[in-house]
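Got two chains here, separate frames each, mind docking them using the hints?
Below, each chain spelled out in residue letters.
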Amino acid sequence: MLESSLLSTPAFVEFSKTVVLFLHNTSRVDDEPYPKLLSEKGFGGFPSICFLDGAGEVTVRNLQRKIESLTRTRAQLDELASLRAAAGKGDKKVERQLFLLELDLQMMTTEQARERMKTVELDDADKTRVEQFLVDGEVRVWRGKARELGADGVGEKFVAMVRAGRLPSADMAPYFWQMVLASSAKSGDAELAQRAFDALEDDKTPAVMRERNRAMLEQARGASKK
Amino acid sequence: MRPMFRSAAVFALLSVLLSGQNKTQEQFVELRKEKLAKSVFQKADWMLDYDAARAKAVATNKPIFAYFTRSYAH
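Chains A and B, in that order, are what the protein sequence lines are.
Residues 1 to 226 in this note's numbering are what the first sequence spells out, letter by letter.
Residues 1001 to 1074 in this note's numbering are what the second sequence spells out, letter by letter.
Among the clues, some could well be false.
[Said to hold, decoys possible] Pairs of lysine to aspartate or glutamate, EDC-like flavour, derived with a Cα cap of 16 Å:
#1 36/A with 1045/B
#2 1062/B with 3/A
#3 1043/B with 3/A
#4 225/A with 189/A
#5 36/A with 1051/B
#6 1043/B with 14/A
#7 1038/B with 171/A
#8 1035/B with 53/A
#9 1062/B with 14/A
#10 1033/B with 31/A
#11 93/A with 111/A
#12 41/A with 1051/B
#13 1062/B with 1045/B
#14 1056/B with 57/A
#15 66/A with 3/A
#16 66/A with 171/A
#17 127/A with 115/A
#18 17/A with 1045/B
No lab work stands behind these hints: they were computed from the structure.
Please read these numbers as outputs of a predicted model, since none were measured by experiment.
Chain B with its partners taken away, still in its complex shape (with noise of 0.2 Å):
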């Protein structure tokens, strides 16, 4: 591989690992923000607190169906 391109590859190798690592705390309130306004999590009653929803889980004898995801990084 020549060196610039192998340069380039490795620029786009550590972008992809270090994404989400080079930003401010700022920048990840900002991020929660848009991931957690999606119409995805509009349509339906998602429970972001985990002991609220282990305590309803109780109160109503349902099951919890959790969903993991992350908004740090795409």
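Okay, chain A solo, but in the shape it has when bound (with noise of 0.2 Å):
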């Protein structure tokens, strides 16, 4: 899929000129190096891209496979650069930005955020942006969790987050009102499961999709009048 799309655009290519391409192909030949490289950098599944830097450390993992999104993610590596080695010769007015570039770069873990904040005088913009990211995070370590939770665990876990007003930002909102409306067909809960509904509502979402929705959704309702 991805070497029939975003691969072999121009805009790929372009890009590349930016980067050092790096193909790893698990084919199961005997004398293949690195046979378990995918694994090694964290990875469970096909196809999957990262940035790696020079020693191979993966710098990030989560990204988006749209040219605009490589191309802006390799802009701030750039500056992650700069700011990494201002910060190295100790200029303290620096902090605040690498904090928040990591922080978009998802350079780390919920936890290691919430102790940095302390450490990193932010604003109250900043303050919700390392929010938003916090919210994120838990998204995704409810979403890492979905073989353990199953399916119905994971939507109480984001039904509980709607109800703290815990709401992730666009790109994490997809899967996670999904959650949230097969949760709430099943538990019947009309209300909840048409705001999941008009949140997934959009031009982009396929027909079938939006049919399997208002099955969901009409589901809810159903439920909820008995």
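Laid out in structure tokens, this is it:
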């Protein structure tokens, strides 16, 4: 899929001039070098993409598969190098910028972000950004536990987040609201199902998915009447 | 489910689960060759050597964009 879309575009070829392109193919051929590189970098499925530094460490792993996102991240990596160099020279003024950029690039866990928050001077807008990061981080944590918790378990966690007013950013929203819709359809919470349905309504949503979502909304309405 | 359909379903599931596991080394080599010959990988300067890619990243001061894929199964 990526090979016939993103990676084949002229825009990607242009982007490729700003990076070193590395292709790792798991072939199961006996002589394959670094056969477990995928799992060593913390990935579990194909295809996966990420940015690595010269030492082979993953710098950015959560990437949108769009050229605009890759280009933006590439520019941020340059900014990151400059800020780290300045911070390394003891420039305290860059600490805030560096923290926010590393946050944007998801280079820390939510726990690390909470700790860093205490050491950096942030204004209210910055704090809102950090809070959003923490909410998105929570969504990622529950999503990562989907096998363990099951879809119902994840849905319940997300419903609790909605009730607490903790809503994810646009990037995380589709998965989040889909799970909320499924959960509220089962529990018969028509009001919440409507909210999730509205959040998922988008011109770009495929018709099949819209129909499925509408069916779940009707299921919630039906259950709430009983 | 009727026994015949149940067997077909189990066979289909096993085929998916075991895809790539019943191939010979020669077949894996052939599949790798096919994969790497795809036009998408001729359009840009993809490196297959991990050590060389890291060395180039250091020498050129550029990050590595890594793409992980597979050829043993479709």
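For this session: Could you check the structure against the hints above and give me the numbers of any it violates, in ascending order?
Result: Hints 1, 2, 7, 8 and 11 contradicted; others consistent.
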